[in-house]
Each structure stands twice: as C-alpha cells, then as structure tokens.
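Participant: Hey, can you work out the whole structure from these sequences and the hints?
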Amino acid sequence: MRCSEFKEGAWAYALGVLEPNERAELDRHLAEPIAHEGCRAELDRAFRTTAAMGEMAPAVQPPADAWGKIEARIAREGRANVLPMRRRSWVPFAAAFAAAAAFVFVLAKAWTYRNALIEKNEQLSRLSGVVAEREACRQELESMRQSSELQRAALALLELPETRLVPMTGRQPSRGNALLNIEQRKAMVLITALAPAVGKDYELWVIRKGSAPVAAGILKPGRDGKVIAEVKPELLQAGRPDIFAVTVEPPGGSPAPTTDPFLIGEVNPG
Amino acid sequence: MRQMGNLRSSLGQEASGADRRLLERVIEGDSAALRTIYDRCSPRAFGVSLRILGARPDAEEVLQETFLEVWKRAREYNPNRGSVEGWVVTIARSRSIDRLRSRGAAAQLSAADPSSSMSMGTPAPLEVAERRQNSERVAAALKELPPEQRRVLELAYFEGLSQSEIATRLGDPLGTVKTRVRLGMEKLAGLLAEPEGAR
Numbered sequence: 028m029r030c031s032e033f034k035e036g037a038w039a040y041a042l043g044v045l046e047p048n049e050r051a052e053l054d055r056h057l058a059e060p061i062a063h064e065g066c067r068a069e070l071d072r073a074f075r076t077t078a079a080m081g082e083m084a085p086a087v088q089p090p091a092d093a094w095g096k097i098e099a100r101i102a103r104e105g106r107a108n109v110l111p112m113r114r115r116s117w118v119p120f121a122a123a124f125a126a127a128a129a130f131v132f133v134l135a136k137a138w139t140y141r142n143a144l145i146e147k148n149e150q151l152s153r154l155s156g157v158v159a160e161r162e163a164c165r166q167e168l169e170s171m172r173q174s175s176e177l178q179r180a181a182l183a184l185l186e187l188p189e190t191r192l193v194p195m196t197g198r199q200p201s202r203g204n205a206l207l208n209i210e211q212r213k214a215m216v217l218i219t220a221l222a223p224a225v226g227k228d229y230e231l232w233v234i235r236k237g238s239a240p241v242a243a244g245i246l247k248p249g250r251d252g253k254v255i256a257e258v259k260p261e262l263l264q265a266g267r268p269d270i271f272a273v274t275v276e277p278p279g280g281s282p283a284p285t286t287d288p289f290l291i292g293e294v295n296p297g
Numbered sequence: 024m025r026q027m028g029n030l031r032s033s034l035g036q037e038a039s040g041a042d043r044r045l046l047e048r049v050i051e052g053d054s055a056a057l058r059t060i061y062d063r064c065s066p067r068a069f070g071v072s073l074r075i076l077g078a079r080p081d082a083e084e085v086l087q088e089t090f091l092e093v094w095k096r097a098r099e100y101n102p103n104r105g106s107v108e109g110w111v112v113t114i115a116r117s118r119s120i121d122r123l124r125s126r127g128a129a130a131q132l133s134a135a136d137p138s139s140s141m142s143m144g145t146p147a148p149l150e151v152a153e154r155r156q157n158s159e160r161v162a163a164a165l166k167e168l169p170p171e172q173r174r175v176l177e178l179a180y181f182e183g184l185s186q187s188e189i190a191t192r193l194g195d196p197l198g199t200v201k202t203r204v205r206l207g208m209e210k211l212a213g214l215l216a217e218p219e220g221a222r
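If you're matching them up, the sequences are chains A and B in order. Quick note on the working numbering: the first sequence kicks off at 28 and runs consecutively. Quick note on the working numbering: the second sequence kicks off at 24 and runs consecutively.
Because the hints were derived from the structure by calculation, they are not lab data. Since we're looking at a predicted model, the values are computed, not measured. Where a beta carbon is used, it is the ideal one built from N, C-alpha and C, also for glycine. Please note: incorrect hints may appear among the correct ones.
What the hints assert, rightly or not - Among chain A residues calculated to face chain B with C-beta under 10 Å, some are:
1. Glu46
2. Gly65
3. Arg67
4. Arg72
5. Thr76
6. Thr77
7. Met80
8. Ile97
9. Glu98
10. Ala180
11. Leu185
12. Glu186
13. Pro194
14. Asn204
15. Ile255
16. Lys259
Facilitator: Shown next, in the form of structure tokens:
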C-alpha cells in the first residue's frame, strides 16, 4: 500500500466503517518503517473530524445518580494498569518523610520566635484588620452575588431560541461570545482568558456601520480571567448592531476607542 | 477602529494544555479530576449514546463504561486527535456501537426524545455558549455537505454501519459509498478548519 492510498482510507478508518481486513491493511502500512508522507497527520485529522461529529447529537444531561454509580465502579474495579506511583518502594518515601519532619521542626521554631515579635503589633492592628477584612468579605460576597445573577441571566438568554451567538475573536488566547436577542433588546458578552487589567481597562463597544462606536461599559475580568457583562437595552433600541468589539483603554474607559480592537465579533446579517 | 477586519482568527482551538493537565491528574488517581471531565463531557457523551442506542438504561450503562475507560486509559489520550471531550465522546460512541451490535438491535433503533430530558444542568454560561457555538458550527458544516454524503456519514456515525453495510442499506454500489465517505469527511474537515465567518 502506498501512502496516498493510506491517506484515502484514513477517513473511513477513523470513522470506523472499514471491514476488519481493510483496517488491518492500513494498520500494517502505518507500522511500516518507511518515510511516510503525512500518513499519521492525515489519520489524526480524520480522527479530529470524527470526534467533532459528536456535535450532531444533542447534549443530554445524564441522571443525577450516574456519577455515583461510576464512582462505585471505580472503587470496585480499580485500575490495574495505572497508578505506578502508588507502588513506590518505602525507601524514598521514608527519606521524604524524614526531610519533611526536619522541615516541620525548623518551621515550628521559627514560628515561635516570629509570634513573640509580632504579637504586640498584631494586637494593635487587629481591630483595623477586622474592619478591613469585613469590608473585603462584603465586597467579595457582593461580587459573587452579581456574578451569579449575571450567570443566570446569561443562561436564560442562551435558552431563548431566537438568541444568536456572535463569536468574538482576536488576540489569543482571549475569546468569547456576544449573545444577542434583538427581539427582546437583550445582549450580553461572555469572554474568557482575559489578562488582568492593570493600569488599563477593557471597554466594550457596540458598533453600527456608518456610525461612531458607542461605549457599552467597562469589562472587569475576575481572577479566573472570565467576564460576563450585560449590554444596556437602550443601546439596542436603534436595532441590530453590526459589531461588538473590545478595546484596551486607559483606566475608566474612553468616550471613543483609542486602540485597535482586542476582540471583535461581527453580527451576521442573516 | 483600525484593522478591524484583520483580527479574525480561527475559533475552536481549544487550549489542550488544560485538558492534558486534567488527564495527568486522572492518571495519578485523582477522581476529582475525572469528575471535572465528567461534568464537562457527560451531556454530549450521553446524548451520543442515547441517539445510537435509543434506550436510556442502555445509554446509562454505556456512560458508566465510558468513564471507567477514561479512568483506566487516560494515558492513551492523544491531543492530536481532538479535545478531551471529543475523545470521551468517541469512546461513548464506540461502546454504544459495540452494544448495538451485541444485541443485534439495528432494527430496534428508535427515535429517542432528547427534548424531554435535554438539559445542560448548571454549567457556566461561557461553556454553554462555546458548546452551542461548536454545535452550530458542525451543524452548519454538515448542512453544506451534499445530502447523499451527509446520509452515509450519519449512518456510519450513529448506526456504526460499515461501508459494505451502508451500500446494502442504501442499495448503492460499494465504490460509490466509499467515495461519499471520503469526500464527505474531507469536506467536513475543511469546513471545520475554516476560520469562523469565512463561509
């Protein structure tokens, strides 16, 4: 078999539609110690395409107890072919234990001295610390509440059949989607992998062709680099926007974009 | 807003680094990592099994077998062949087809009613949006295939028929079916590789 023949058959191989003898023939070719002409790469491409075909079936949530059954089977059946790390000899383990014990001893000593030195300072700062901590907690909780509400709103918007997804792409690895439901005058953006905004802000823009970009708010990524934001309904009163874009702006944002788009999503007219 | 049109880039380039790290944790015996993969991948894997098998009890069994296999074979994941979700779904599809063949139940294929149980649980909206985007992308690509190519791919993917069996089922010459499989898959691969919005 030549490489060109293999590459023709790779698609059927990955899709699993070959007869056993045909499959064996391709396996033999792949195992041949020759200079292949991209056979493996073509087979990988065919497997990637087959994997993507799973999207043809709708996602269906399994029953709530399904995970528990899987866990039980894992506990029962284990997995003999993995976990070599669990069968280590006791010698390196004992050495590691001794090193850890020594480390803990030194740490405990250092800790005692440290405590004696800072105890007075702590007493003085405790009161103000508690106040600051309480304020930080309050802000964290408020942020979580808002984030949770936005997540719920985004999921609800996604469930509406007329909601359109507008992929936003640009500077990798950041990426996202704008969710647009023009009938209900609702739009949200979901962006991931945004670097922390230090000394700058990410600003969202709603753009209609022939008009100046309209500022739609500052995007504040969380510690996980994700951000969910809602576009004010009044910005959608004029009808369907043509573009959603994100730029990097000075802190507080700008009335008009001052940099090239960081992320951009064009609304398909269809 | 300069260079607005120049910033388009291909979507769907899943960062496989995170996937690999998750699987490394599975290899080390971390069941919490497997749970993360389960949370992310089980709806699609279950959906594929249900579509192939038609019966929920069978699909539930296959789901268990699928994740047991992920647990045992995590080392075998090959990122060149797609995302972790693609790998998990491929396992679910293979086990479903095995089960279908073992019970000789090609005739028992019934239209599952996924709408009755279609739910994404409570995942993060970012993930839901990306999944929906991927689904729309694949659906759009499939729509662009000639109907006869799409039909052979569906018979192969969801019924696990070989090319000879497809030829018998459709009454077409085997050579024609082979050509349709190859052309359909090649075209699908090309469409899925295109940058978003290029079509």
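Participant: Out of the numbered hints, which ones does the structure contradict?
Facilitator: Of the numbered hints, 2 and 16 do not hold.
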